[in-house]
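Protein chains in written order, with full-length UniProt numbering: chain A, 1 to 241; chain B, 1 to 266.
Any given hint might turn out to be false.
Footprint (simulated), chain B over chain A, 3 or more residues, beta carbon under 8 Å [what the hints assert, rightly or not]: (1) 80–92; (2) 102–116; (3) 191–203; (4) 220–234.
To be clear, the hints were calculated from the coordinates, so they are not data collected in a lab.
All figures in this text were calculated on a predicted structure; none of them were measured in a lab.
Positions of the beta carbon are idealized from the N, C-alpha and C atoms, including for glycine.
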Amino acid sequence: MTVTDEALPHTAAPGTGTGTGSDAADLPGPHALRGSGQAGDASGGAGGAPGEADDTARDEVVTALTGDLDTGFAVLYDTYRGAVFSTALRLSGRWAEAEDLAAEAFLRAYRALCGYGPDRIAGLRPRAWLLTILMNLWRNSLRTAARRPPPGPLEDAPDPPDPAEPVEDTAARHETGRELAGLLAGLPAAQRAAVVLRHVTDLPVAEIAIVLDLPEGTVKSHISRGLARLRTLHHTQGGTP
Amino acid sequence: MTRTDPVPDTSGPGLGSGDPLTAGLAGLAADAPAGLLDRIAARRVHVPGPLDDLQVAFTDHGIAYLRAGMDEQAFTTAFRARFARPLLPADRPPSGLVPALRTGRLGRLRLDLRGLSEFEAAVLRAAATIPRGQTRPYAWVARQAGRPKAVRAVGSALGRNPVPLLIPCHRVTRSDGAVGDYVFGGDAKERLLRAENVDLDEVAALAGRGMQLVGSDTTGIVCYPTCGDARRITPPHRRPFRNLAAARAAGYRPCLHCRPAQPEPA
Numbered sequence: 001m002t003v004t005d006e007a008l009p010h011t012a013a014p015g016t017g018t019g020t021g022s023d024a025a026d027l028p029g030p031h032a033l034r035g036s037g038q039a040g041d042a043s044g045g046a047g048g049a050p051g052e053a054d055d056t057a058r059d060e061v062v063t064a065l066t067g068d069l070d071t072g073f074a075v076l077y078d079t080y081r082g083a084v085f086s087t088a089l090r091l092s093g094r095w096a097e098a099e100d101l102a103a104e105a106f107l108r109a110y111r112a113l114c115g116y117g118p119d120r121i122a123g124l125r126p127r128a129w130l131l132t133i134l135m136n137l138w139r140n141s142l143r144t145a146a147r148r149p150p151p152g153p154l155e156d157a158p159d160p161p162d163p164a165e166p167v168e169d170t171a172a173r174h175e176t177g178r179e180l181a182g183l184l185a186g187l188p189a190a191q192r193a194a195v196v197l198r199h200v201t202d203l204p205v206a207e208i209a210i211v212l213d214l215p216e217g218t219v220k221s222h223i224s225r226g227l228a229r230l231r232t233l234h235h236t237q238g239g240t241p
Numbered sequence: 001m002t003r004t005d006p007v008p009d010t011s012g013p014g015l016g017s018g019d020p021l022t023a024g025l026a027g028l029a030a031d032a033p034a035g036l037l038d039r040i041a042a043r044r045v046h047v048p049g050p051l052d053d054l055q056v057a058f059t060d061h062g063i064a065y066l067r068a069g070m071d072e073q074a075f076t077t078a079f080r081a082r083f084a085r086p087l088l089p090a091d092r093p094p095s096g097l098v099p100a101l102r103t104g105r106l107g108r109l110r111l112d113l114r115g116l117s118e119f120e121a122a123v124l125r126a127a128a129t130i131p132r133g134q135t136r137p138y139a140w141v142a143r144q145a146g147r148p149k150a151v152r153a154v155g156s157a158l159g160r161n162p163v164p165l166l167i168p169c170h171r172v173t174r175s176d177g178a179v180g181d182y183v184f185g186g187d188a189k190e191r192l193l194r195a196e197n198v199d200l201d202e203v204a205a206l207a208g209r210g211m212q213l214v215g216s217d218t219t220g221i222v223c224y225p226t227c228g229d230a231r232r233i234t235p236p237h238r239r240p241f242r243n244l245a246a247a248r249a250a251g252y253r254p255c256l257h258c259r260p261a262q263p264e265p266a
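When you get a sec, could you build the whole thing from the sequences and use the hints?
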């Protein structure tokens with residue numbers, strides 16, 4: 001019996017077709033990209049300066065993971081914790097749930113990495129891969145939540161304050177943030193995911209297409225419809241609270 | 001890629017910086033809270049203790065794993081195989097660990113026993129109650145864990161003890177007087193027990209005569225030979241017994257501290 005506190009290792013980490021060129025051929029796994037990939041589009045980044053910075057970070061993470069899995073994991077975590085946590089926070093709308101989702105996503109990532117060979121790690125695009133894991137966990141949590149009775153008003157309050165943040169900072173940041181974070185909850189799941197990944201997590205559209213496993217055109221229309229809807233919600237709810 | 005997009009700032013970075021909505025969304029990014037990594041990764045540290053080369057892994061739930069005589073690579077590999085969790089170096093041992101290893105008392109030190117089966121956890125809880133300087137047979141642990149016939153399974157569960165020394169599985173010994181197996185080997189077990197002043201020679205001498213228990217003819221109470229109460233019985237009043245049935249037949253009752261058990265017929 002394997003002693004772990006939850007599910008067996010390697011069960012639910014999705015494989016994503018994020019490799020470049022030849023690596024894409026040896027990506028196994030039942031959870032690999034369902035459609036044909038946008039993998040080719042992602043290689044080389046989306047062009048421009050941010051893409052190059054992302055590539056440098058990506059190379060550092062992959063190099064560290066190739067050396068030692070545990071040291072590499074620490075680099076992976078430090079590089080992408082902000083992206084993963086921000087995404088989890090703005091998707092779920094709740095601090096505690098975001099912590100659960102982000103912790104679980106990183107843990108599953110580690111467990112998947114334990115079973116990956118050097119080739120597979122070399123072909124990894126870690127940010128898209130991590131966010132794909134997170135997105136699957138979030139969709140699962142939505143499904144589970146739909147089967148539970150609706151939460152009470154207290155639990156339902158979006159974005160409770162960060163317990164580690166001073167109250168004044170929270171107040172200042174939430175001046176605009178709280179309202180906007182609340183509005184995000186009013187978007188359909190697909191639009192919310194696309195808007196959060198594009199404008200909160202700041203991913204290029206090509207990478208969002210990989211994470212959400214959708215064509216780029218669909219991603220763009222989710223984003224623009226999401227933004228349009230946010231504007232409408234903003235106006236109908238009468239501006240700032 | 002037909003753009004039906006009415007908003008001009010959805011695709012390229014660098015565009016739409018003047019839009020208050022997208023600026024507001026960008027402001028919703030948040031760094032991960034400081035404690036998040038500790039929910040994911042365990043920490044490892046070298047500690048001094050009664051055995052050489054002790055390494056300990058701990059999580060935010062407590063001490064999860066303790067092993068002796070391994071190098072860092074072997075320890076990390078063993079931890080990964082068992083817990084599938086990242087393991088990073090720690091600056092210092094968690095508070096309370098070093099005193100707990102020195103005194104054998106846990107105090108407020110917490111143990112992370114997630115992932116053990118119910119039976120394994122019950123066995124370890126039972127073993128944890130054996131006082132320093134005393135031993136109990138496997139059958140006693142089986143009874144305390146609620147499965148009196150699962151004596152062999154107790155041996156396996158103790159062999160999988162993730163935190164030896166902290167849960168003193170070395171104090172569980174064979175009823176024939178031998179010390180029995182141990183995670184770190186029988187020799188280490190004997191060394192640990194002698195360091196706790198267990199009189200293994202007396203236990204072996206009694207067992208050699210087929211005697212498992214010692215009673216006092218002044219109190220009429222019968223104990224395991226290493227029980228604190230048994231060790232106070234002066235030699236003229238010590239009465240050895242083969243088992244609890246024999247002691248009961250002689251009018252003795254079992255000690256309420258060490259609770260000697262009647263061996264179950266296998």
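Hints versus structure:
Coverage of the region 80–92 of chain A by chain B holds. Counting CB-CB distances below 8 Å, 7 residues qualify, and the rule asks for three or more. Only when three residues or more bring their CB closer than 8 Å to a CB of chain B does the claim for the region 102–116 of chain A stand; here the count is 7, and the claim holds. As drawn, the region 191–203 of chain A meets chain B at 7 residues by the rule of a beta-carbon pair under 8 Å; at three or more, the given contact holds. Counting residues of the region 220–234 of chain A whose beta carbon lies closer than 8 Å to any beta carbon of chain B gives 9, which meets the minimum of three for the stated coverage.
Violated hints for the displayed structure: none, as all numbered hints are satisfied.
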